[in-house]
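Chemist: Sequence:
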Amino acid sequence: MDITITNKQLTATINPKGAELNSLKSNTNTEYIWEGNAKYWGKHSPVLFPIVGTLKNNSYLYEGQVHALSRHGFARDNNFTVKNQTEDSVTFSLSSNDDTRRVYPFDFELELVYTIKDSTLFLDYVVTNKGDKPLPFSIGAHPAFALPGKFESYSLQFEQDEPLVSTQLTDDLLSDKTDILTAENGILPLTYKLFENDALIFKSLQSRAVTIKQDNKNILKVTYPNFPHLGIWTKENAPFLCIEPWQGYSDSPETKGNLIEKEGIILLNSGDKYTVGFSVKIYN
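If you're matching positions, the sequence shown starts at 210 in the working numbering and goes up one per residue.
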C-alpha cells in the first residue's frame with residue numbers, strides 16, 4: 210500500500226516497491242510528478258543503486274569473479290520496509306538478502322528518507338556498510354517531472370552561468386565525445402532535439418541547482434548540493450523531464466570492468482554510513 214506524507218502545502222505519495230515517489234501535489238492539487246504512462250516511460254522516480262547507468266556487457270569484475278548487474282541496479286525493483294513514519298516524513302529501508310547477494314556480494318542497508326518542509330520535499334539516501342569489507346557503490350536519483358502543455362514553453366535555469374558540456378552516450382556507454390549546449394545567462398530552452406542522442410550527461414558542473422521554468426515563470430527547483438554529476442532526460446514527445454542528480458555514471462567502452470576501479474564509485478568502509486540527498490521546491 211502506498212504511503213502518504215503531507216503538510217499544509219504539499220502531499221507526497223510513495224510506493225514501497227523501490228520506495229519510489231509516485232506523486233507530489235501542491236495544495237492546489239497540481240501534480241508535479243510524471244504519471245508513469247508506459248507509452249513513454251513507465252516509472253516515476255526510481256532510485257539508482259548500487260550502480261548508476263550501464264555497465265559494459267551489463268557485468269562487473271570483483272575479486273576475480275564476473276557478476277551480472279543490469280542498468281541502474283536492483284534497488285528500484287525491490288520492496289522496501291517502512292522504518293519510521295510521521296505525518297510529514299517517512300523512512301524506507303532495504304537490506305541485503307540472498308537475492309541481492311547473487312548479483313552484488315555485499316552486505317548493506319539502503320534507506321530513503323522523505324521529508325516535507327513548507328513547499329519543499331527532501332529526499333536523503335543513507336547507505337550503511339553492514340559487511341566486513343569495503344562497500345563499492347554508486348547512487349543516483351531519477352525523478353520525472355510532469356510538463357503539461359507545449360514542451361518548448363519550458364526552460365532550465367542553471368544556478369551558475371557556465372559552459373554546459375554534455376558527454377554523449379554510445380550504446381548506453383559514455384563516449385569521449387562531448388556537446389556544448391547553448392545557454393544564455395544560465396537558461397537552456399528545452400526542445401526534444403536536445404535529447405535525440407539520449408540523455409544529457411554533465412560529468413562536471415558548478416551549478417548545484419536547476420529550476421524548471423515555463424514562459425519565464427518558476428515551476429520547481431531541484432537542489433543537489435553534494436551530487437557531483439547530473440543527468441537530464443526525456444523521450445520524444447513525452448510530457449515530462451527527468452532531472453537526475455548522480456554519484457557515478459555509465460561505464461565507458463574502454464573500461465576493464467573492475468568494480469573497485471569504476472569511475473564515480475564510492476568505497477565505504479565497514480560500519481560506515483554515507484548520506485547524500487536532494488530537494489524539490491515547488492512554486493505555486
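Some clues are possibly wrong.
[Unchecked claim] The calculated BS3-like cross-link candidates involving lysine-lysine, where the alpha carbons are at most 27 Å apart (straight line), are:
{"hint": "1", "residue 1": "482", "residue 2": "342"}
{"hint": "2", "residue 1": "234", "residue 2": "422"}
{"hint": "3", "residue 1": "359", "residue 2": "342"}
{"hint": "4", "residue 1": "430", "residue 2": "402"}
{"hint": "5", "residue 1": "402", "residue 2": "339"}
{"hint": "6", "residue 1": "412", "residue 2": "326"}
{"hint": "7", "residue 1": "359", "residue 2": "402"}
{"hint": "8", "residue 1": "326", "residue 2": "426"}
{"hint": "9", "residue 1": "386", "residue 2": "490"}
{"hint": "10", "residue 1": "292", "residue 2": "252"}
{"hint": "11", "residue 1": "342", "residue 2": "292"}
{"hint": "12", "residue 1": "430", "residue 2": "412"}
{"hint": "13", "residue 1": "465", "residue 2": "444"}
{"hint": "14", "residue 1": "422", "residue 2": "490"}
{"hint": "15", "residue 1": "265", "residue 2": "342"}
{"hint": "16", "residue 1": "402", "residue 2": "226"}
{"hint": "17", "residue 1": "359", "residue 2": "265"}
{"hint": "18", "residue 1": "226", "residue 2": "444"}
{"hint": "19", "residue 1": "426", "residue 2": "234"}
{"hint": "20", "residue 1": "359", "residue 2": "248"}
{"hint": "21", "residue 1": "326", "residue 2": "490"}
{"hint": "22", "residue 1": "430", "residue 2": "326"}
{"hint": "23", "residue 1": "252", "residue 2": "226"}
{"hint": "24", "residue 1": "412", "residue 2": "422"}
{"hint": "25", "residue 1": "326", "residue 2": "217"}
{"hint": "26", "residue 1": "326", "residue 2": "444"}
{"hint": "27", "residue 1": "234", "residue 2": "444"}
{"hint": "28", "residue 1": "465", "residue 2": "252"}
{"hint": "29", "residue 1": "465", "residue 2": "248"}
{"hint": "30", "residue 1": "482", "residue 2": "217"}
{"hint": "31", "residue 1": "422", "residue 2": "265"}
{"hint": "32", "residue 1": "265", "residue 2": "234"}
{"hint": "33", "residue 1": "422", "residue 2": "359"}
{"hint": "34", "residue 1": "412", "residue 2": "490"}
{"hint": "35", "residue 1": "217", "residue 2": "422"}
{"hint": "36", "residue 1": "490", "residue 2": "465"}
{"hint": "37", "residue 1": "326", "residue 2": "465"}
Calculated from the structure, these hints are not laboratory results.
Chemist: Taking each numbered hint in turn, which are not upheld by the structure, reported in ascending numerical order?
Modeler: 3, 5, 6, 9, 13, 16, 17, 26, 28, 29, 30, 31, 32, 36, 37
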